[in-house]
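Student: So the chains spell out like this:
Protein chains: 2
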Amino acid sequence: MERRTITGFSNPLVKFLRSLRDKKHRKREKRFLAEGLRLLTDARECGVLPEMLVMAIGRDPHPLLDALETAVSAAGGDIVEMDVEILAKVTGKDNPQAVAGVFAEFDTRLANLDRASSPIWLVAQALRDPGNLGTMLRTGDAVGAGGLILIDDCADPFSVEAVRASMGAIFTQKLAIARWDEFQEWLRGGDGQLVAASLRDPTDYRQAPYAAPCFLMVGNESQGLPANYEEACDLRVTIPMLGRADSLNAAVAGAVLAYEALAHLKSS
Amino acid sequence: MERRTITGFSNPLVKFLRSLRDKKHRKREKRFLAEGLRLLTDARECGVLPEMLVMAIGRDPHPLLDALETAVSAAGGDIVEMDVEILAKVTGKDNPQAVAGVFAEFDTRLANLDRASSPIWLVAQALRDPGNLGTMLRTGDAVGAGGLILIDDCADPFSVEAVRASMGAIFTQKLAIARWDEFQEWLRGGDGQLVAASLRDPTDYRQAPYAAPCFLMVGNESQGLPANYEEACDLRVTIPMLGRADSLNAAVAGAVLAYEALAHLKSS
Chain A
24 MERRTITGFS
34 NPLVKFLRSL
44 RDKKHRKREK
54 RFLAEGLRLL
64 TDARECGVLP
74 EMLVMAIGRD
84 PHPLLDALET
94 AVSAAGGDIV
104 EMDVEILAKV
114 TGKDNPQAVA
124 GVFAEFDTRL
134 ANLDRASSPI
144 WLVAQALRDP
154 GNLGTMLRTG
164 DAVGAGGLIL
174 IDDCADPFSV
184 EAVRASMGAI
194 FTQKLAIARW
204 DEFQEWLRGG
214 DGQLVAASLR
224 DPTDYRQAPY
234 AAPCFLMVGN
244 ESQGLPANYE
254 EACDLRVTIP
264 MLGRADSLNA
274 AVAGAVLAYE
284 ALAHLKSS
Chain B
24 MERRTITGFS
34 NPLVKFLRSL
44 RDKKHRKREK
54 RFLAEGLRLL
64 TDARECGVLP
74 EMLVMAIGRD
84 PHPLLDALET
94 AVSAAGGDIV
104 EMDVEILAKV
114 TGKDNPQAVA
124 GVFAEFDTRL
134 ANLDRASSPI
144 WLVAQALRDP
154 GNLGTMLRTG
164 DAVGAGGLIL
174 IDDCADPFSV
184 EAVRASMGAI
194 FTQKLAIARW
204 DEFQEWLRGG
214 DGQLVAASLR
224 DPTDYRQAPY
234 AAPCFLMVGN
244 ESQGLPANYE
254 EACDLRVTIP
264 MLGRADSLNA
274 AVAGAVLAYE
284 ALAHLKSS
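So the protein sequences, as listed, match chains A and B. Numbering follows this note's numbering, in which position 36 of the first sequence is assigned residue number 59; successive positions increment by one, without gaps. Numbering follows this note's numbering, in which position 124 of the second sequence is assigned residue number 147; successive positions increment by one, without gaps.
Hints are computed from structural coordinates only; laboratory data are not their basis. Each residue gets a CB set at the ideal place from its N, CA and C atoms; glycine is no exception. Careful, some of the hints might be misleading.
Said to hold, decoys possible - Just a few of them, taken from the derived set where beta-carbon distance is under 7 Å, the chain A residues facing chain B:
#1 Pro35
#2 Lys38
#3 Thr158
#4 Asp164
#5 Ala165
#6 Arg187
#7 Met190
#8 Met264
#9 Leu265
#10 Gly266
#11 Ala268
#12 Val275
#13 Ala278
Just chain A, with the same shape it has in the complex (with noise of 0.2 Å):
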């Protein structure tokens, strides 16, 4: 453990920080940040401490902060103070929270999932926006899912945008990433039901007989899932979208499906 006071903007570990804003750094570090008192408690409560606080100079006392600078010195993590300038250069906000953290990133290999662990998991396909990625970590603990596989090329979940939308989700669910073809090997090796909104000989979502564990794919925001991707699902739901529109925003289409799944599964 460390403490450290910075007040320049040239120092290494400025520049470090600020790195894990860009994702070609965070997959080099293996690390990411995340901003905020709320979000950092969240993370506490769920048994996640970063390896790294860091707090401005001047800051308002509170009796979170405290519980955390206390946590993290005990666990052995670096605690770091530097001006609220140098802070909003990190933060990249001209409001900078009055703390940020360093956390190493998670194992995000599909073979740590334990898929009774949970009766429903959402799966993403090229999910770019890393808001809709941060809503579905949401709420995918609000419906009581196991976590969030992510398949193909999306967004990075360990993006500060990503994790912010989160809203402490990332330290609550479990994620893992994985190509197609490798969450088909993986899927078929056990129990497991893939489901996914489609027009393609579709059940209406309201009457499916959704079944434990429950995989819920939402696909590109733009392209929705390929064709193939769809056929591989054990079943096609379909949503009523009585307007102009012939999608859902993907993030409110997991929602919905999830919320349904959740429905029919507590009461069978």
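Here the structure of chain A is known, so what remains is to put chain B in place on it, guided by the hints.
Tutor: For chain B alone, kept in the frame of chain A given last:
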């Protein structure tokens, strides 16, 4: 109708178009910007044409673009062509969509709404994120809602971000902007059930007695609804939250409620 070609960044029209990215200028001009062939085609198919159509010089030809140009010309609108670099300045994107349109803002008075025209209406209070706002418009279109009513200080529905996230629903959904007391007075001047997700003495959202016209209200992203707003509702419903988080993304909550209400109102 005018046809102009612009090749200089300093042209006053370029300045005017760029100014429409800013709320203050939009309000003064009572105009807004929508970008992209798909969005403008949606508008045209809804019978809404831009006053001015702005296209890149050297764009790829497209029958839908021809149809737009013909329709705007026939309606007496302006056609403007400009260098792609200048259009990029206007749209604020490195890869500008090849076309943008300037639209007159819609009338957003409550008095404009015909509550009997739809069984479902969405209401957002102090919704600050333009993406959430646009997503609610998109969901409204999908569930056959009449429109979206914005209460208190919401994001601007005519911002480029909200228009984009609406995926064209800005042109199909009615929009009203009102203060809470104005909305209350209007709502209570006729039939209408006001519904919100709430923890105050709520009914399970799957079992609730939704009644048309049903006004489904969601609150601010971080604060939720004020207590007195919840108390003024005819029906308070609860959506299961099985995880650590105590709320859903606002646009997600609105969609889960809207699809539930739709299912009840269709079958009643």
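Student: Each hint: holds or not?
Tutor: Hints versus structure:
The interface hint given for Pro35 of chain A is violated, since its Cβ lies 31 Å from the closest Cβ of chain B, which is over the 7 Å cut-off. Annotation: Lys38 of chain A was flagged as interfacial toward chain B, and the flag is violated, the nearest CB pair being 26 Å apart, outside 7 Å. The closest approach between the C-beta of Thr158 of chain A and any C-beta of chain B is roughly 5 Å, which is under the 7 Å cut-off, so the hint is satisfied. Evaluation of the Asp164 of chain A hint against chain B yields a held restraint, the C-beta minimum of about 3 Å falling below 7 Å.
The criterion of a C-beta within 7 Å of any C-beta in chain B is met by Ala165 of chain A, whose closest approach is roughly 5 Å, and the hint holds. Below 7 Å, beta-carbon pairs count as interface contacts, and Arg187 of chain A has none with chain B, the closest being about 11 Å; its hint is therefore violated. A hinted interface residue such as Met190 of chain A counts as satisfied when its beta carbon comes closer than 7 Å to some beta carbon of chain B; here the least separation is about 6 Å, so the hint holds. Using the Cβ-Cβ criterion of 7 Å, the hint placing Met264 of chain A at the interface with chain B is satisfied: the shortest such distance is roughly 5 Å.
At a threshold of 7 Å, the smallest CB-CB gap from Leu265 of chain A to chain B is about 3 Å, leaving the interface hint in force. Interface restraint check for Gly266 of chain A: the shortest CB-CB distance to chain B comes to about 3 Å, inside 7 Å, so the restraint holds. The restraint placing Ala268 of chain A at the interface with chain B holds, with a minimum CB-CB distance near 5 Å, inside the 7 Å limit. Because the smallest distance between the Cβ of Val275 of chain A and any Cβ of chain B comes to about 4 Å, under 7 Å, the interface hint for this residue holds.
Among the interface hints, the one on Ala278 of chain A holds; its C-beta lies about 4 Å from the nearest C-beta in chain B, closer than the 7 Å criterion.
The structure does not agree with the numbered hints 1, 2, 6 stated previously, though it agrees with the rest.
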